[in-house]
Structures are given as C-alpha cells and as structure tokens.
Amino acid sequence: MIADYTKLANEIILDQRSKDLRLLVLEALEGGGRGHLGPALSLIEIIRVLYDSVLSHDPRNPLLAQRDRFILSKGHGCLGLYAVLADHGYISTSELKGYCDFESKLGGHPERATLPGIEFSTGSLGHGLSVGIGMAMACRLKGEHWRTFVLIGDGELNEGSNWEGAMHASQHQLGALTVIIDFNQMQASGEINSILNLDPIGAKWKSFGFDVVTVNGHDIVQLEKELNTSRNSYSKPKAIIAYTVKGKGIISAENSTIWHHKAKITREEIAPLRLEVSQ
Amino acid sequence: MRQKALLTVYELAKQDPRIVFIGSDLGAGTLQDMKEELPQQFFMEGISEQHVVGFAAGLAQEGFIPYINTIGTFLTRRSFEQVTIDIALHNLPVRLLASGGGTVYAPLGPTHTAIEDFSLMLSVPNMKVFAPADAHEMENLLRSLVNDSNPHYIRFGKGGENIVTDEFLEFGMKPKVFGENNSKVIIFTTGIMLQHCLIVREILSKKAITVTVIHCLYLNDLSLRSFIPMMALSNLVLCVEEHVPRGGLFTQLIHECVEFQIPTSNLHQVSLKRFFSHNYGSQADHLDFNGLTAPKIASHLESLLESNIR
Numbered sequence: 004m005i006a007d008y009t010k011l012a013n014e015i016i017l018d019q020r021s022k023d024l025r026l027l028v029l030e031a032l033e034g035g036g037r038g039h040l041g042p043a044l045s046l047i048e049i050i051r052v053l054y055d056s057v058l059s060h061d062p063r064n065p066l067l068a069q070r071d072r073f074i075l076s077k078g079h080g081c082l083g084l085y086a087v088l089a090d091h092g093y094i095s096t097s098e099l100k101g102y103c104d105f106e107s108k109l110g111g112h113p114e115r116a117t118l119p120g121i122e123f124s125t126g127s128l129g130h131g132l133s134v135g136i137g138m139a140m141a142c143r144l145k146g147e148h149w150r151t152f153v154l155i156g157d158g159e160l161n162e163g164s165n166w167e168g169a170m171h172a173s174q175h176q177l178g179a180l181t182v183i184i185d186f187n188q189m190q191a192s193g194e195i196n197s198i199l200n201l202d203p204i205g206a207k208w209k210s211f212g213f214d215v216v217t218v219n220g221h222d223i224v225q226l227e228k229e230l231n232t233s234r235n236s237y238s239k240p241k242a243i244i245a246y247t248v249k250g251k252g253i254i255s256a257e258n259s260t261i262w263h264h265k266a267k268i269t270r271e272e273i274a275p276l277r278l279e280v281s282q
Numbered sequence: 143m144r145q146k147a148l149l150t151v152y153e154l155a156k157q158d159p160r161i162v163f164i165g166s167d168l169g170a171g172t173l174q175d176m177k178e179e180l181p182q183q184f185f186m187e188g189i190s191e192q193h194v195v196g197f198a199a200g201l202a203q204e205g206f207i208p209y210i211n212t213i214g215t216f217l218t219r220r221s222f223e224q225v226t227i228d229i230a231l232h233n234l235p236v237r238l239l240a241s242g243g244g245t246v247y248a249p250l251g252p253t254h255t256a257i258e259d260f261s262l263m264l265s266v267p268n269m270k271v272f273a274p275a276d277a278h279e280m281e282n283l284l285r286s287l288v289n290d291s292n293p294h295y296i297r298f299g300k301g302g303e304n305i306v307t308d309e310f311l312e313f314g315m316k317p318k319v320f321g322e323n324n325s326k327v328i329i330f331t332t333g334i335m336l337q338h339c340l341i342v343r344e345i346l347s348k349k350a351i352t353v354t355v356i357h358c359l360y361l362n363d364l365s366l367r368s369f370i371p372m373m374a375l376s377n378l379v380l381c382v383e384e385h386v387p388r389g390g391l392f393t394q395l396i397h398e399c400v401e402f403q404i405p406t407s408n409l410h411q412v413s414l415k416r417f418f419s420h421n422y423g424s425q426a427d428h429l430d431f432n433g434l435t436a437p438k439i440a441s442h443l444e445s446l447l448e449s450n451i452r
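Chains as they are written, first to last, in this note's numbering: chain A, 4 to 282; chain B, 143 to 452.
It is worth saying that the hints were derived from the structure and are not from the lab.
Every value quoted in this text rests on a predicted model; they were computed, and no experiment measured them.
Do not rely on the hints blindly, as some may be mistaken.
Said to hold, decoys possible - Taking CB as the label site, the calculated pair distances span:
id: 1; chain 1: B; residue 1: Pro267; chain 2: A; residue 2: Asp23; range: 38 to 46 Å
id: 2; chain 1: A; residue 1: Arg270; chain 2: B; residue 2: Met186; range: 51 to 59 Å
id: 3; chain 1: A; residue 1: Leu66; chain 2: B; residue 2: Ser407; range: 51 to 59 Å
id: 4; chain 1: B; residue 1: Ala170; chain 2: A; residue 2: Ala191; range: 40 to 48 Å
id: 5; chain 1: B; residue 1: His410; chain 2: A; residue 2: Asp104; range: 32 to 40 Å
id: 6; chain 1: A; residue 1: Asp202; chain 2: B; residue 2: Gly314; range: 52 to 60 Å
id: 7; chain 1: B; residue 1: Arg388; chain 2: A; residue 2: Thr260; range: 37 to 45 Å
id: 8; chain 1: A; residue 1: Asn161; chain 2: B; residue 2: Pro405; range: 50 to 58 Å
id: 9; chain 1: A; residue 1: Thr232; chain 2: B; residue 2: Glu153; range: 36 to 44 Å
id: 10; chain 1: B; residue 1: Asn292; chain 2: A; residue 2: Asp104; range: 28 to 36 Å
Stated by the list, open to error - Listed next, the stretches of chain A that the computed footprint assigns to chain B, with coverage defined by at least 3 CB atoms under 8 Å from CB atoms of chain B:
id: 11; stretch: 120-128
id: 12; stretch: 136-144
id: 13; stretch: 160-170
For every residue, glycine included, the Cβ atom is placed at its ideal position computed from N, Cα and C.
Between the sequences and the hints, there should be enough to build the whole structure, so can you do that?
Shown next, in the form of structure tokens:
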C-alpha cells in the first residue's frame with residue numbers, strides 16, 4: 004500500500020527542537036517585519052537533519068575544504084536556514100533580530116558574501132541545481148569525496164533550467180549529488196496543481212535518470228535515513244521528494260498563501276504565532 | 143580568431159589542471175584533440191546555456207577556471223541571469239568566449255547577431271569585457287589573464303582577420319595607439335573594426351589628413367585621461383564600433399569624457415543602427431549598410447571635417 008505522505012506530513016507532531024527552531028524563525032520575522040514564513044517552515048526539518056546529522060561541516064570553519072556542500076536553491080526559504088545556522092553557532096541567535104536590516108548578514112535571500120556558511124547566493128529560482136552539478140563535478144575532478152545537496156522548492160520546478168540541470172546530472176552519473184524537493188504542494192498564488200501541475204513528480208525525476216525516494220519531510224527519522232545513504236560517485240544522482248506542509252507548525256500559516264511572503268508584520272501579529280508554535 | 147582561442151585554451155589546459163573547456167553542442171570535431179588528451183577538462187554539454195553557465199559557476203567556486211564557448215547571443219541573452227548572479231555576483235573567474243561578435247552571423251538572422259552584447263555585459267558589475275582585434279591579441283589576452291580573478295566576456299570575430307596588433311608584443315589592458323600624438327582625427331574603436339579603421343588611416347593619409355587610431359581591447363576602462371592632450375590637439379574624434387549606438391564603446395567614451403571633463407562637441411559615432419536588421423547576406427554587407435567600411439568611414443570623416451571648417 005502506498006503511504007499517503009500528504010496526510011502523514013500534516014499529521015506528524017513536531018518535537019521540541021523543531022518548535023524551538025520555529026521560535027527562532029519568528030525572532031527574525033519579527034525583527035525584519037517581513038519575510039517568507041510558510042516556505043521556511045516547510046523545509047526546516049530537512050535543513051535541521053542535514054546540519055544535525057548528515058552534512059560534514061564546521062561552524063568554526065565554514066570553508067572547511069572537505070565539507071559537504073549544501074545549496075538552498077529555494078532561497079526564499081532562508082529563514083529556516085538562518086534559524087538552523089544560528090542554532091549551530093554560525094551566527095549568534097541575537098543576530099536574527101537584525102534580519103533585513105541595512106547592514107545585516109541576513110537578507111531576504113541568502114548570500115555567500117555576507118553570511119559564512121551560505122554555500123551560494125540564491126533568490127532567483129532555478130539556479131541552484133546547475134551550480135550544485137558544477138560543484139559535484141569539481142569534487143569528482145579533484146578526486147575528493149564530499150557530497151553535494153541541493154534543496155529545491157516545488158514551485159521552483161516551474162523554471163525550465165532545473166530540467167536542463169536534471170538531464171545533465173544524470174548524463175554525468177553524479178551519484179554524489181542529492182536533490183531534495185520541498186514538496187509542500189503550494190506556491191505563491193495557490194496550490195501548485197492549479198497553477199502548473201507537477202504530477203507525477205517522482206516519475207518525472209525517475210524519467211530524468213534519478214534514483215527517487217519519497218519521504219515525509221517533517222519526519223526526522225525518515226529524513227536521516229534517506230539523506231545519509233552512501234553514494235557511489237559514478238551512479239544515478241538521487242532525488243528525494245519530501246512531502247511537507249507550507250507553514251508547518253503554525254496553524255494559521257499552514258497551507259496559507261497569505262504567509263507565503265508578508266511585509267509590514269507587527270509585533271501584535273507575531274505574538275499569537277508564538278503561542279501556536281508552543282501548542 | 144575562434145580557432146586560435148580554442149587552441150590556446152587547450153594549450154593552457156595542458157599545463158594547468160584548473161582550466162576546463164565547456165561547450166554547448168558546438169558541433170562534431172570541436173577541440174577533438176583536447177577531448178581525447180584531456181577528457182577530464184573537456185565538457186561538451188547539451189544545448190542548455192542556462193545550465194552550462196551555472197555549471198561553470200559551480201566549478202569555478204571550487205577552484206576551476208572554466209572557459210565556455212558558444213554563440214555570443216546565447217551567452218548574453220539566453221543566460222543573462224546566470225551570468226549576472228551565478229558568475230558575476232560571486233565574482234568567479236569564468237571566461238565567456240563569444241563566437242560571432244557583431245554581425246558575423248548575419249546570414250542566420252537577428253536571433254544570432256550579437257549587436258548589443260557589449261551593452262549587456264558592461265552593465266554587469268565585476269564583468270570585464272574584451273574585444274580583441276585579431277588572433278595575436280586574442281592569444282596574448284588568454285595567456286596573460288589566466289589568473290585574473292574576475293569573470294571575462296571576450297567577443298570573437300569571424301576568423302581569418304589580418305594580424306594588425308603584432309607590433310605589440312607585450313599584453314596590456316590599456317588601449318593600443320596607432321599614429322602620432324598630434325593628428326587631426328582620432329578614431330576610437332574596438333574588436334575587428336580596428337582592421338577597417340587602419341585602412342581609413344591609410345586612405346586619409348593620402349589626402350593629407352592625419353589620423354590616429356586608438357584600439358580599445360578592454361572596454362571597461364579606456365584610460366582616457368592619458369589621451370587628453372592628444373584629443374585637445376585634434377579637430378575631430380570618431381568612435382567606430384560594430385554595436386548598437388548605445389551601451390557600447392561610445393557610451394564608455396562619453397562617461398570618461400564627463401569624468402575627465404573632456405569636451406564632447408567634436409565627438410562623433412559610426413555604429414550599427416538602432417534597430418534589428420531583417421536583412422541577411424554577409425557581415426561585409428551589414429558593415430557596408432551601416433557605413434562601417436573603410437571607404438565609407440573615410441568619406442564620413444571628410445564630410446565631418448568639412449562641416450567643421452564651415
């Protein structure tokens with residue numbers, strides 16, 4: 004029987020660590036008074052698992068030569084990444100409050116030049132995969148053994164450049180490359196299938212030459228298992244379809260287009276969101 | 143010029159494992175020897191310029207120096223955002239080797255003619271824009287700037303151009319001067335138009351009109367300050383470029399004139415027209431149509447000088 008991952012993603016109960024990370028996201032959102040909340044909350048468990056137990060990385064040495072590379076191609080999900088980076092000590096949690104300030108390291112999209120730990124600046128969609136393919140190829144050419152992970156939004160897959168990249172990743176048999184799709188099934192204007200139907204998403208990636216697995220993108224155990232599989236350098240690249248919920252963990256933001264991106268957010272709006280996280 | 147450039151990349155790659163060549167379906171036989179000898183440094187990717195530029199950025203971020211070659215319009219128009227964000231924002235040493243500069247691909251129509259490439263590339267922060275005049279200058283450029291940390295856009299001519307820069311043995315970013323310091327006319331030009339402008343110089347010398355040609359290989363910085371005395375002595379300054387009127391060499395010239403407070407009343411331009419051409423034919427036909435052949439430039443200069451006298 005095929006699991007109903009949409010249902011599983013909706014029903015899973017978040018642990019305290021996931022709640023704490025969401026409170027960090029709200030710190031930044033309150034400080035900036037704006038931001039992409041929903042997109043950050045759908046991918047936060049994926050990034051948490053990557054930094055907690057998958058990636059080889061060192062917050063004291065963000066450019067560690069043999070680190071695994073992680074590109075957040077879906078740059079607008081950066082509040083989730085900032086929360087995890089702060090939690091790991093790349094920045095202090097107090098810096099989150101400065102989100103989007105003129106001199107902040109934390110912009111509305113992540114930048115390599117300003118924030119140590121950001122592998123590549125993203126924001127305009129459909130760029131991360133090809134850059135990640137270049138990095139994975141560089142790793143092969145240098146005879147090194149780190150891995151490359153690229154996290155892509157489902158709405159982002161509207162961009163054709165992703166599919167150019169997918170074909171080439173497969174052509175080069177870049178087994179050390181893992182693509183994770185944050186499949187929250189929503190984009191800025193509504194449900195993805197009402198805008199541009201991605202079904203059958205797994206079969207699409209399979210037909211492009213990827214090993215494809217499907218997970219509940221909020222399930223820590225499943226994510227760890229699928230992100231940590233050892234990969235042969237010359238083999239099919241891997242695509243993980245992570246079913247998630249946009250706005251997961253804050254009821255009023257869940258599956259909401261209003262909280263896709265919001266500006267002029269007041270403290271009064273943030274307070275009830277904090278309560279919802281704690282519930 | 144293209145052949146020399148690609149062979150130079152191959153030669154450089156033999157000595158430097160950081161150098162990789164990337165093409166997007168450039169046709170059978172392209173750098174076949176490199177493909178066989180250095181397969182790890184040779185990538186013939188699909189028809190996918192957006193991907194190819196991003197791929198090059200990823201390689202460059204990890205220490206490689208990718209040289210991408212395809213038709214200039216595809217590098218500038220098709221993948222403009224990848225060039226801007228993936229390469230230029232990260233200031234990565236990717237080399238964009240643009241085949242078919244200007245109207246080289248005239249018979250293929252307006253989708254293939256690179257008439258606004260300078261404008262697009264000069265507008266991108268960190269990007270260095272070059273237009274060599276011949277194969278000698280191209281080779282010198284490629285060999286000399288391997289370790290330059292900026293991204294480069296390099297416009298190719300058609301190939302088979304006469305070698306006109308061989309008196310300049312050493313590579314230099316500053317414009318090359320052909321002529322004296324006290325000529326009546328100064329022509330600023332770039333790329334293969336240097337060839338035509340040197341013929342203009344010969345034509346007019348027979349009519350006792352002295353011309354100095356200044357060839358700007360590197361379009362970002364014309365070092366105009368050093369030409370202030372020469373310009374002050376001249377009657378007329380003409381900018382000649384195979385590019386739409388705005389955003390290219392003439393625009394750079396105007397900016398530096400303003401910066402150095404150089405009068406612009408005697409500054410004129412001959413360029414491609416400001417519209418898309420729907421004619422085909424050859425590059426020579428298009429240069430002729432736009433008044434960019436040596437006889438037409440010479441004649442234009444004579445009439446400008448006459449009207450100046452009046």
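Supplied distance hint 51 to 59 Å, evaluated on CB atoms of arginine 270 of chain A and methionine 186 of chain B: holds (57 Å)
Range hint 51 to 59 Å (beta carbons of leucine 66 of chain A and serine 407 of chain B) holds or violated: The hinted range 51 to 59 Å holds for leucine 66 of chain A and serine 407 of chain B, with Cβ atoms some 54 Å apart.
Is 28 to 36 Å respected by the C-beta to C-beta distance linking asparagine 292 of chain B and aspartate 104 of chain A? holds (30 Å)
May I ask you to test the hint 52 to 60 Å on the CB atoms belonging to aspartate 202 of chain A and glycine 314 of chain B? This hint holds: roughly 59 Å between Cβ atoms.
Can the suggested window of 32 to 40 Å be confirmed for the beta-carbon pair histidine 410 of chain B and aspartate 104 of chain A? violated (49 Å)
Holds or violated: the 37 to 45 Å window for the beta-carbon distance between arginine 388 of chain B and threonine 260 of chain A? holds (41 Å)
Given a hinted range of 36 to 44 Å, is it respected by the beta-carbon distance of threonine 232 of chain A and glutamate 153 of chain B? holds (42 Å)
With a Cβ-Cβ cutoff of 8 Å, does the stretch 160-170 of chain A contain at least three residues near chain B? holds (count 5)
When you take the CB atoms of alanine 170 of chain B and alanine 191 of chain A, is the distance between them in 40 to 48 Å? With a Cβ separation near 44 Å, alanine 170 of chain B and alanine 191 of chain A satisfy 40 to 48 Å, so the hint holds.
Within 8 Å of chain B's CB atoms, at least three CB atoms from the stretch 120-128 of chain A: coverage verdict: With 4 residues close enough to chain B, the hint holds.
Does the Cβ-Cβ separation between proline 267 of chain B and aspartate 23 of chain A fall within 38 to 46 Å? Holds, at about 39 Å.
Range agreement (Cβ of proline 405 of chain B with Cβ of asparagine 161 of chain A, hint 50 to 58 Å): Given a distance of about 53 Å, which is inside 50 to 58 Å, the answer is holds.
Of the numbered hints listed earlier, the single one contradicted by the structure is hint 5.
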